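Residue numbers (the working numbering), protein chains in the order written: chain A, 12 to 121; chain B, 24 to 137.
Residues of chain B clear of chain A, computed beta-carbon distances all greater than 12 Å:
(1) VAL36
(2) GLU38
(3) ALA42
(4) SER51
(5) VAL77
(6) GLU79
(7) ASN90
(8) LYS94
(9) PRO105
Under the rule of at most 20 Å between Cα atoms (straight-line distance), these lysine to aspartate or glutamate pairs were calculated in the EDC-like manner:
(10) B:LYS65 with A:GLU53
(11) B:LYS45 with A:GLU53
(12) B:LYS65 with A:GLU33
(13) A:LYS42 with B:ASP72
(14) B:LYS60 with A:GLU53
(15) B:LYS60 with A:ASP14
(16) B:LYS60 with B:GLU79
(17) B:LYS60 with B:ASP82
(18) A:LYS29 with A:GLU74
(19) B:LYS65 with A:ASP14
(20) B:LYS136 with B:ASP107
(21) A:LYS68 with B:GLU25
(22) B:LYS60 with A:ASP49
(23) B:LYS60 with B:ASP107
(24) A:LYS68 with A:GLU33
(25) A:LYS68 with A:GLU90
(26) B:LYS60 with B:GLU38
These are calculated hints, taken from the structure and not from any lab test. Remember, it's a predicted structure, so these values are computed and weren't measured experimentally. Don't be surprised by glycine CBs; every beta carbon is placed ideally from N, CA and C.
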Amino acid sequence: EADIYQTPRYLVIGTGKKITLECSQTMGHDKMYWYQQDPGMELHLIHYSYGVNSTEKGDLSSESTVSRIRTEHFPLTLESARPSHTSQYLCASGGIGGYTFGSGTRLTVV
Amino acid sequence: GENVEQHPSTLSVQEGDSAVIKCTYSDSASNYFPWYKQELGKRPQLIIDIRSNVGEKKDQRIAVTLNKTAKHFSLHITETQPEDSAVYFCAASNKRSNTGKLIFGQGTTLQVKP
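Just chain A, with the same shape it has in the complex (with noise of 0.2 Å):
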């Protein structure tokens, strides 16, 4: 079945290490999207893909950076984590029938 698939689902890591969030959609979508949300907050937008080589910083200011390589795939990395950075991140993709959410990781930095 088609979906966007997020790992890890929790993540808790130590301050000042290196960290990829993992996407992958199966859905043949070229737009994707991050998203950082603290629980049941808005959704804060932080970078955007709208096909292969193409990335854009969203509305939100982060100190994270994101790849698209391939279609399927969109990872955001932390070079160095820090407690403030701890949070929900939810990976997206669009089509014509809206977004599809993945199941987001929840990072906590120590």
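The hints should help you fit chain B onto chain A, whose structure is shown.
Relative to the frame of chain A, chain B by itself:
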């Protein structure tokens, strides 16, 4: 810039009552308006959407209305049930845009009391 305002931020109703959530948007080029439901600990899921060439759309107990002149749209849930309790997000986008970016409202926490 583009902006979507959503009200109220919290809404508590008795089971069986109706619930209405309202959104206004700033970009007059917006032509696609989806609504997402996010249950506790789960991903947001699309529940209904409307395009700018339509004024109203219904799907069982939920309906969405759009007023392009006033640039606002609303979600109506009738005969609410406890399983309707969730955070609801409205959004707007310009489907003709290259990016397809959705601009989300701030969210409404709906509590349906049994």
